[in-house]
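**Q** Sequence:
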Amino acid sequence: MKYSRLILLIVGLVTVATVHAGWKDLLNSAKDYAGSSGLTSQGSGALSNDQVVDGLKEALSVGAEKAVAVLGQDGGFLNDPQVKIPLPKTLDTVAKGLRAVGKEQLADEFVATMNSAAEQAVPQTLSIFSAAIRDMTLTDARGILQGGDTAATDYFRTHSTEQLNSAILPIVKQATESAGVTSSYKKMTGNLGFLQGFSSADSLDLDNYVTDKAVEGLFTKLAAEEKLIRENPLARTTDLLKTVFGSVGK
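Under the numbering used here, read the sequence shown as residues 32 to 281, first letter to last.
Calculated directly from the structure, the hints in this document are not laboratory data.
No false leads were mixed into what you were given.
In silico DMTMM-like links for lysine to aspartate or glutamate, alpha-carbon gap of 25 Å or less:
#, residue 1, residue 2
1, 218, 135
2, 97, 193
3, 134, 111
4, 115, 105
5, 218, 139
6, 97, 171
7, 115, 180
8, 204, 105
So the derived label-pair ranges between C-beta atoms look like this:
#, residue 1, residue 2, range
9, 213, 79, 49 to 59 Å
10, 79, 205, 38 to 48 Å
11, 218, 158, 33 to 43 Å
12, 168, 209, 33 to 43 Å
Yeah, the Cβ is synthetic: ideal placement off N, Cα and C, and Gly gets one too.
Build the full structure now, drawing on both the sequences and the hints.
**A** Structure representation (structure tokens):
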């Protein structure tokens, strides 16, 4: 039935597959259909609004879990150019000075500890995403289904950014200590010699910097995955998704 085309869009928020099957054309068809007839169909066996919203919520939950798991593993930030936390711009002079005296490894070590702190903090954010998903309304779901390539990520930005920053900051403060960020930072700046007077390192708030970059990286990863998976057919990984998407192709 025509409604099954709309349901295919939700599948795009579960797990990345490797086979392309004209997803863009199908997505456009789903958007056109959703815009003209809404989220439900009056035909026999049509899925209800509740089923659609529940399916979307579960798909979003799986997608958020996947993104958090990827970033929360060892090297999740450091080894990914998209989200790697670089030296703060205020330390450009520091980095140049260290390179000039052959001690650039100190800057590399500092970058590694900042990224490690972010990797330790990110796994604690799932409850915040869960709350945003739980509070999703039918209107929110329709907006995501009919939205652009990053509609789901934009929803999370609107409903979760403040909570993410508040939740991550204290975790980052602990993580920066356990990851050795502060000691690495002091070791790095302590090797500047006379160049230290030309840097603005003393005014840098490391915890807030790492927190901001961790949240930014989280949304970057979510957006990148969302754009990719909207163009690919994906696997159904839960019983609810199998039920919701069981009508596809009928």
